[in-house]
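Visitor: Here are the chains, one letter per residue:
2 protein chains.
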Amino acid sequence: MYLLNALGNATFENYAGIEGFTEMAYQMSAHVLTVGYAVMLAALFYFVLTIKTVAPKYRISSVLSVVVMVSAFLLLMIQQQNWTGAFEFNADTQRYVLGNANDLFNNGYRYLNWLIDVPMLLFQILFVVTLTSSKFSSVRNQFFFSGTMMIVTGYVGQFYEVTNPTLFFVWGFISTLFFVHILIVMKKVISEGQQGAPEGAQRYLGMIWKLFFVAWMLYPGAYLMPYLFSLSLEPSLSETAVVARHITYTVADVSSKVIYGILLTLTAQEMSKADGYDYEKMESAI
Amino acid sequence: MYLLNALGNATFENYAGIEGFTEMAYQMSAHVLTVGYAVMLAALFYFVLTIKTVAPKYRISSVLSVVVMVSAFLLLMIQQQNWTGAFEFNADTQRYVLGNANDLFNNGYRYLNWLIDVPMLLFQILFVVTLTSSKFSSVRNQFFFSGTMMIVTGYVGQFYEVTNPTLFFVWGFISTLFFVHILIVMKKVISEGQQGAPEGAQRYLGMIWKLFFVAWMLYPGAYLMPYLFSLSLEPSLSETAVVARHITYTVADVSSKVIYGILLTLTAQEMSKADGYDYEKMESAI
Chain S
93 MYLLNALGNA TFENYAGIEG FTEMAYQMSA HVLTVGYAVM LAALFYFVLT IKTVAPKYRI
153 SSVLSVVVMV SAFLLLMIQQ QNWTGAFEFN ADTQRYVLGN ANDLFNNGYR YLNWLIDVPM
213 LLFQILFVVT LTSSKFSSVR NQFFFSGTMM IVTGYVGQFY EVTNPTLFFV WGFISTLFFV
273 HILIVMKKVI SEGQQGAPEG AQRYLGMIWK LFFVAWMLYP GAYLMPYLFS LSLEPSLSET
333 AVVARHITYT VADVSSKVIY GILLTLTAQE MSKADGYDYE KMESAI
Chain U
93 MYLLNALGNA TFENYAGIEG FTEMAYQMSA HVLTVGYAVM LAALFYFVLT IKTVAPKYRI
153 SSVLSVVVMV SAFLLLMIQQ QNWTGAFEFN ADTQRYVLGN ANDLFNNGYR YLNWLIDVPM
213 LLFQILFVVT LTSSKFSSVR NQFFFSGTMM IVTGYVGQFY EVTNPTLFFV WGFISTLFFV
273 HILIVMKKVI SEGQQGAPEG AQRYLGMIWK LFFVAWMLYP GAYLMPYLFS LSLEPSLSET
333 AVVARHITYT VADVSSKVIY GILLTLTAQE MSKADGYDYE KMESAI
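These protein sequence lines map, in sequence, to chains S and U.
Going by my numbering, the first sequence opens with residue 93, and the numbers climb by one from there.
Going by my numbering, the second sequence opens with residue 93, and the numbers climb by one from there.
Hints are computed from structural coordinates only; laboratory data are not their basis.
Among these hints, one or two may not hold up.
The list makes no distinction among identical chains, and a pair is therefore deemed to hold if it is satisfied within one copy or across any two copies.
Derived BS3-like pairs (lysine-lysine); straight-line CA-CA distance at most 27 Å [what the hints assert, rightly or not]:
(1) Lys365 to Lys227
(2) Lys280 to Lys227
(3) Lys373 to Lys227
(4) Lys149 to Lys373
(5) Lys279 to Lys373
(6) Lys144 to Lys365
(7) Lys365 to Lys149
(8) Lys302 to Lys227
(9) Lys227 to Lys279
(10) Lys280 to Lys149
(11) Lys373 to Lys302
(12) Lys280 to Lys373
(13) Lys373 to Lys144
(14) Lys302 to Lys279
(15) Lys365 to Lys302
Required output: the full structure, derived from the provided sequences and hints.
Guide: In structure tokens form, the structure reads like this:
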């Protein structure tokens with residue numbers, strides 16, 4: 093395990109970087125990270141341009157989507173620059189290796205993006221659905237507390253992913269407990285929201301629950317990636333795991349932020365129509 | 093074939109880069125790549141500023157054009173920076189060569205831009221035309237599936253364009269099968285859309301089909317470029333092929349995204365008028 097001593101406290105992306113990445117692995121990572129932040133900026137325009145298609149009381153949901161898009165765009169762009177800034181092409185070995193005196197690569201920018209986005213994404217749905225038995229402020233506070241704790245504990249844990257597997261798993265486990273709490277509250281929110289909602293909105297809310305469950309489950313998968321590709325309790329340092337993690341995080345981010353936000357807009361459109369808000373008529377009136 | 097051994101797994105732009113590019117070839121590429129993303133940002137403003145000239149139900153087409161412009165602008169800008177960041181002017185040989193420790197050049201940013209844009213461009217027309225016999229959700233899903241698969245298989249294939257011609261052609265062939273499927277579905281969508289549409293809209297839809305066919309055919313041409321300039325089954329490493337590829341991709345991107353989007357806006361304007369939506373009167377009303 094001299095690799096560990098060689099790089100100290102760092103993420104497995106850097107260890108693969110000692111032997112180096114093939115051009116394909118390095119470039120695929122750079123491309124996937126880039127497409128991630130490009131989607132956020134593109135979707136920002138979608139949320140701004142469609143805000144008037146929903147009744148005023150639902151528009152705060154689009155505003156929160158815009159907030160999420162801005163922060164995700166910026167932090168994922170920095171995350172991508174962290175990747176391309178860390179590794180350099182070595183013409184002798186024909187591989188990309190950690191450059192001399194460059195910053196190590198670390199997924200921390202991503203985590204601190206989630207510190208903004210997770211509470212926003214969880215609050216967002218509360219402005220679309222109507223809670224029947226739960227109290228708004230109670231659900232909001234539970235989402236805020238567990239959302240924030242889930243990210244902070246995961247953020248601390250990821251620093252240990254190669255140097256101290258025990259701490260890595262302990263922090264990851266604590267983070268997962270908060271995640272399970274979020275899942276339970278979200279399931280309740282969506283079930284209550286479906287009651288009395290127009291049929292189209294009910295269908296979209298059903299899709300949102302499925303999307304939420306699958307997309308948010310990808311994050312613990314990506315956290316554990318070095319160990320998923322390993323048959324022992326030592327992390328796999330394969331470049332396949334590195335690329336797989338970048339792809340998983342990007343798919344999860346696009347699903348849980350962009351597609352989730354679009355489905356909430358569609359839900360709010362259905363509810364607006366049922367409330368008597370007719371965007372098309374309003375915009376065509378002379 | 094010592095060039096291949098010298099750089100291993102890389103795209104043919106880099107091989108030309110070993111002997112180096114003349115200033116003309118290097119600069120023409122830099123300029124063409126730059127004009128590509130500048131057009132996207134300029135057209136973004138067109139689509140935002142003309143959104144109200146069409147009736148509300150067609151506006152999602154303009155919103156999707158904006159989404160395409162934003163992502164294309166960002167990814168083509170990074171693609172251009174990849175070009176200028178890879179090569180450096182060598183005063184001894186008077187040529188541009190791959191710089192020490194620089195990233196290799198790779199067209200992958202372009203491909204991952206298409207991963208966003210292709211589904212959006214294909215969905216876009218479905219919000220303008222009225223399908224007479226096909227089902228909206230069926231066409232949308234076919235477009236999404238074949239569009240995504242076409243890009244992913246082409247993306248994988250392009251990594252092998254110099255190192256493994258067999259894999260390059262196999263992946264390219266698979267990608268082409270999805271492309272043919274898209275062409276068939278698009279022809280059907282446009283034919284159905286023309287039925288019962290006002291005369292002006294019918295004419296624009298006819299133009300859209302011709303543009304679509306020609307512009308999208310340019311992409312396989314650009315993919316095959318190293319071999320189009322070669323008389324054998326070894327890729328041509330000429331700088332003419334490199335510059336020709338940049339020009340072809342840029343012409344194809346501007347046609348298939350910007351001109352296509354403008355024609356769809358014009359189609360939607362004709363349909364809006366026929367639906368009784370009078371933008372000029374509305375905006376002049378006191």
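Visitor: Each of the hints needs a verdict: does it hold here or not?
Guide: Here is what the structure says about each hint:
With identical chains, the CA atoms of Lys365 and Lys227 are at most 27 Å apart both within one copy (25 Å) and between copies (24 Å). Only within a single protomer do Lys280 and Lys227 lie at most 27 Å apart by alpha-carbon distance; the minimum there is 12 Å, versus 34 Å between protomers. When the C-alpha separation of Lys373 and Lys227 is checked against a cutoff of 27 Å, the pair qualifies only between copies, where the shortest distance is 26 Å, while the shortest distance within a copy is 35 Å. For the identical chains of this complex, Lys149 and Lys373 are neighbours both inside a copy (18 Å) and across copies (10 Å), given an alpha-carbon limit of 27 Å.
With identical chains, the CA atoms of Lys279 and Lys373 are never at most 27 Å apart, being 35 Å at best within one copy and 32 Å at best between copies. Both within a single protomer and between protomers do Lys144 and Lys365 lie at most 27 Å apart by alpha-carbon distance, with minima of 12 Å and 21 Å respectively. With identical chains, the CA atoms of Lys365 and Lys149 are at most 27 Å apart both within one copy (13 Å) and between copies (14 Å). In this assembly of identical chains, Lys302 and Lys227 lie within 27 Å of each other by CA distance both inside one copy and across copies; the values are 24 Å within and 24 Å between.
In the homo-oligomer, the alpha carbons of Lys227 and Lys279 lie at most 27 Å apart inside one protomer (15 Å), although the nearest pairing across protomers, at 32 Å, exceeds that limit. Proximity of Lys280 and Lys149 under a CA criterion of 27 Å is satisfied intra-copy only: 22 Å inside one chain copy versus 34 Å between copies. In this homomeric assembly, Lys373 and Lys302 never come within 27 Å of each other (Cα to Cα): the closest approach is 33 Å inside a single copy and 35 Å across copies. Taking the shortest Cα distances, Lys280 and Lys373 never come within 27 Å of each other, neither inside one copy (35 Å) nor across copies (31 Å).
Proximity of Lys373 and Lys144 under a CA criterion of 27 Å is satisfied in both settings, with 12 Å inside one chain copy and 14 Å between copies. For the identical chains of this complex, Lys302 and Lys279 are intra-copy neighbours only, at 10 Å inside a copy versus 34 Å across copies, given an alpha-carbon limit of 27 Å. Taking identical chains as interchangeable, the C-alpha atoms of Lys365 and Lys302 lie at most 27 Å apart only when both belong to the same chain, with a minimum of 24 Å there against 39 Å between chains.
Violation of the numbered hints given earlier is confined to hints 5, 11 and 12; the remaining hints are satisfied by the structure.
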